[in-house]
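Engineer: Protein chains in written order, with the numbering used here: chain A, 142 to 416; chain B, 142 to 416.
Simulated from the structure, these hints should not be mistaken for laboratory data. Just so you know, not all the hints are guaranteed correct.
To be verified - To be clear about the criterion: a stretch of chain A counts as covered by chain B if any three or more of its residues have a C-beta under 8 Å from a C-beta of chain B, and this derived list gives those stretches:
(1) 251-262
(2) 367-381
(3) 399-405
To be verified - DSSO-like cross-link-like pairs, simulated, lysine-lysine; straight-line CA separation at most 30 Å:
(4) Lys154/A / Lys367/B
(5) Lys278/B / Lys154/B
(6) Lys146/B / Lys205/A
(7) Lys205/B / Lys210/A
(8) Lys200/B / Lys168/A
(9) Lys210/A / Lys210/B
(10) Lys200/B / Lys278/A
(11) Lys168/B / Lys200/A
(12) Lys322/A / Lys367/A
(13) Lys270/B / Lys205/A
(14) Lys210/B / Lys385/B
(15) Lys385/B / Lys301/B
(16) Lys146/A / Lys205/B
(17) Lys146/A / Lys200/B
(18) Lys200/B / Lys205/A
(19) Lys205/A / Lys278/B
(20) Lys278/B / Lys200/A
(21) Lys367/B / Lys348/B
(22) Lys205/B / Lys278/A
(23) Lys200/A / Lys205/B
(24) Lys278/B / Lys170/B
(25) Lys348/B / Lys301/B
(26) Lys200/B / Lys210/A
(27) Lys348/A / Lys278/A
(28) Lys278/A / Lys385/A
(29) Lys154/B / Lys210/A
(30) Lys146/A / Lys367/B
(31) Lys200/A / Lys367/B
(32) Lys210/A / Lys301/A
(33) Lys200/A / Lys146/B
(34) Lys270/B / Lys301/B
(35) Lys367/A / Lys301/A
(36) Lys168/A / Lys154/A
(37) Lys200/B / Lys367/A
(38) Lys205/A / Lys146/A
(39) Lys367/A / Lys200/A
(40) Lys166/B / Lys210/B
Quantities reported herein were computed from a predicted structural model and do not represent experimental measurements. Glycine residues also receive a C-beta, built at the ideal position from the N, C-alpha and C atoms.
Protein chains: 2
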Amino acid sequence: MQVLKTHKTFEGKTQFWEHESVSTKTKMKFSTFIPAGPVRGCLIWLSGLTCTDENFITKAGAQKVLAEKGLMVICPDTSPRGLQLPQEHDSWDFGSGASFYLDATTPGYRDHYRMETYIADELHSLIQKEFNVPANKISIFGHSMGGHGALTLGLRHPQKFVSVSAFSPIVNPVNAPWGVKAFTGYLGENKTVWAEHDATELVRSGKRHPQALLVDQGGDDEFLTKGQLLTDNLTKACKEASQKLEVNMREGYDHSYYFISSFVENHIEFHSRLL
Amino acid sequence: MQVLKTHKTFEGKTQFWEHESVSTKTKMKFSTFIPAGPVRGCLIWLSGLTCTDENFITKAGAQKVLAEKGLMVICPDTSPRGLQLPQEHDSWDFGSGASFYLDATTPGYRDHYRMETYIADELHSLIQKEFNVPANKISIFGHSMGGHGALTLGLRHPQKFVSVSAFSPIVNPVNAPWGVKAFTGYLGENKTVWAEHDATELVRSGKRHPQALLVDQGGDDEFLTKGQLLTDNLTKACKEASQKLEVNMREGYDHSYYFISSFVENHIEFHSRLL
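Based on the provided sequences and hints, a complete structural model is requested.
Structural biologist: Quick look at the structure:
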């Protein structure tokens, strides 16, 4: 594990890292913010389509409240890099920068796009070993595709993630164009398998998280209008299944980091209370 | 004046604008954040070498405290764009993205690189007319080359800028490699003229600002080590001239926006008290 860059920030450290991943069999990058004092817990942030390990750490304005709460954050890249798989670099919503945080099963992708294993096992262990955070002090949140990742990984591994929240998540990808394209490419045509990586379908099939899930969604988000996010489907499924869920519809806000920065403090406080 | 993009942020608006500048005879871009409630005043932010109107508004994390204080910010681009002047695009520290916020006098540049007039006259008027901020409620701050811009424009036009602050400013460009290159290109070989656009030399020659100048400087800033910033020269000149100056040396911090984000709240509070 190698530090590429360090920037002192709010008395703590913003750092950029690279390591050899056994899950993806590639180098993987991630960024961290580590507060100056004792670290009470770790938040894993999963970014959205086209992002890297840099977006959240440069644009969310989260370091101040993380420092105040004594929490670190780790922001992995959104896919393996440096490969040349079929169609991997042809579009912005599939392949590189668009892993959807699952373990792929299709030829080519199944050898490297193992992002669920990378996040829930490898990175989870690395946080404990390299950053001395106990296994029961790790939570997860994310944005858009990363909101989907946080919700699905949180529901599939509730014992690993103390609390789960999301900004503008893709909550029902089996019914959204982005999800249909990605799941076809990573999982093939069998839609029964797709449902295992869809937050709404997971709740419908009996998966639960012991804590309330927190979702913030911009009311003027173009991808909500275009039917990519489908927030109401998760609300309905959680209500029917008695999974606690808080959805804050934020009037006038869009899909950008300006929206995230406006409410990131609320999300960090939510995780801080439960960690 | 045309809005290119609007993003709701902390209940206010982050916006990107374009207008035809009479000073530069080009289109000019700037970004703004305007809080939701009454606007008490406006801060002009001047960015550093290679930056555009986007850096501060996306990376400084300033919107929250601006919203709390009822202050707007306007962040102009760092030079005219869309031109093809001699050597204009050959290096990152001269020409496009590197105006040094002065009115050039050399052939070619003198027709368009009129950034002092653009900021101190045109933008100053635009803030009053388009954003309804009184002329006596405008302050200025900036980073690196933009810190130089804030200090020199503040000292040259103290009646126009209520308060002046800077992060990692180039305080004595006539004695720094960046400054020598830029001033030669924009002002020619006459060093008497150079001194009129150098904060340290302006203080030495009798220019004053009625308020204390505020400077934050990272102790691990590579450009401080390389002799580009020369912070101590301004400290000495201000002491000798009884110009009030507060310099905060911040141990371990570098030249990046991670540094700026860590102390931007202090700077906004400084301006807020005086506006």
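Engineer: With reference to the structure, classify each hint as holding or not holding.
Structural biologist: Hint check results:
{"no.": "1", "hint": "251-262", "verdict": "violated (count 0)"}
{"no.": "2", "hint": "367-381", "verdict": "violated (count 0)"}
{"no.": "3", "hint": "399-405", "verdict": "holds (count 4)"}
{"no.": "4", "hint": "Lys154/A / Lys367/B", "verdict": "23 Å, holds"}
{"no.": "5", "hint": "Lys278/B / Lys154/B", "verdict": "20 Å, holds"}
{"no.": "6", "hint": "Lys146/B / Lys205/A", "verdict": "27 Å, holds"}
{"no.": "7", "hint": "Lys205/B / Lys210/A", "verdict": "18 Å, holds"}
{"no.": "8", "hint": "Lys200/B / Lys168/A", "verdict": "27 Å, holds"}
{"no.": "9", "hint": "Lys210/A / Lys210/B", "verdict": "24 Å, holds"}
{"no.": "10", "hint": "Lys200/B / Lys278/A", "verdict": "29 Å, holds"}
{"no.": "11", "hint": "Lys168/B / Lys200/A", "verdict": "27 Å, holds"}
{"no.": "12", "hint": "Lys322/A / Lys367/A", "verdict": "15 Å, holds"}
{"no.": "13", "hint": "Lys270/B / Lys205/A", "verdict": "35 Å, violated"}
{"no.": "14", "hint": "Lys210/B / Lys385/B", "verdict": "25 Å, holds"}
{"no.": "15", "hint": "Lys385/B / Lys301/B", "verdict": "18 Å, holds"}
{"no.": "16", "hint": "Lys146/A / Lys205/B", "verdict": "27 Å, holds"}
{"no.": "17", "hint": "Lys146/A / Lys200/B", "verdict": "17 Å, holds"}
{"no.": "18", "hint": "Lys200/B / Lys205/A", "verdict": "13 Å, holds"}
{"no.": "19", "hint": "Lys205/A / Lys278/B", "verdict": "28 Å, holds"}
{"no.": "20", "hint": "Lys278/B / Lys200/A", "verdict": "29 Å, holds"}
{"no.": "21", "hint": "Lys367/B / Lys348/B", "verdict": "27 Å, holds"}
{"no.": "22", "hint": "Lys205/B / Lys278/A", "verdict": "28 Å, holds"}
{"no.": "23", "hint": "Lys200/A / Lys205/B", "verdict": "13 Å, holds"}
{"no.": "24", "hint": "Lys278/B / Lys170/B", "verdict": "22 Å, holds"}
{"no.": "25", "hint": "Lys348/B / Lys301/B", "verdict": "14 Å, holds"}
{"no.": "26", "hint": "Lys200/B / Lys210/A", "verdict": "21 Å, holds"}
{"no.": "27", "hint": "Lys348/A / Lys278/A", "verdict": "21 Å, holds"}
{"no.": "28", "hint": "Lys278/A / Lys385/A", "verdict": "21 Å, holds"}
{"no.": "29", "hint": "Lys154/B / Lys210/A", "verdict": "28 Å, holds"}
{"no.": "30", "hint": "Lys146/A / Lys367/B", "verdict": "19 Å, holds"}
{"no.": "31", "hint": "Lys200/A / Lys367/B", "verdict": "29 Å, holds"}
{"no.": "32", "hint": "Lys210/A / Lys301/A", "verdict": "21 Å, holds"}
{"no.": "33", "hint": "Lys200/A / Lys146/B", "verdict": "17 Å, holds"}
{"no.": "34", "hint": "Lys270/B / Lys301/B", "verdict": "15 Å, holds"}
{"no.": "35", "hint": "Lys367/A / Lys301/A", "verdict": "33 Å, violated"}
{"no.": "36", "hint": "Lys168/A / Lys154/A", "verdict": "22 Å, holds"}
{"no.": "37", "hint": "Lys200/B / Lys367/A", "verdict": "29 Å, holds"}
{"no.": "38", "hint": "Lys205/A / Lys146/A", "verdict": "19 Å, holds"}
{"no.": "39", "hint": "Lys367/A / Lys200/A", "verdict": "25 Å, holds"}
{"no.": "40", "hint": "Lys166/B / Lys210/B", "verdict": "35 Å, violated"}
Comparing the model with each earlier hint shows violations of hints 1, 2, 13, 35, 40; every other hint is respected.
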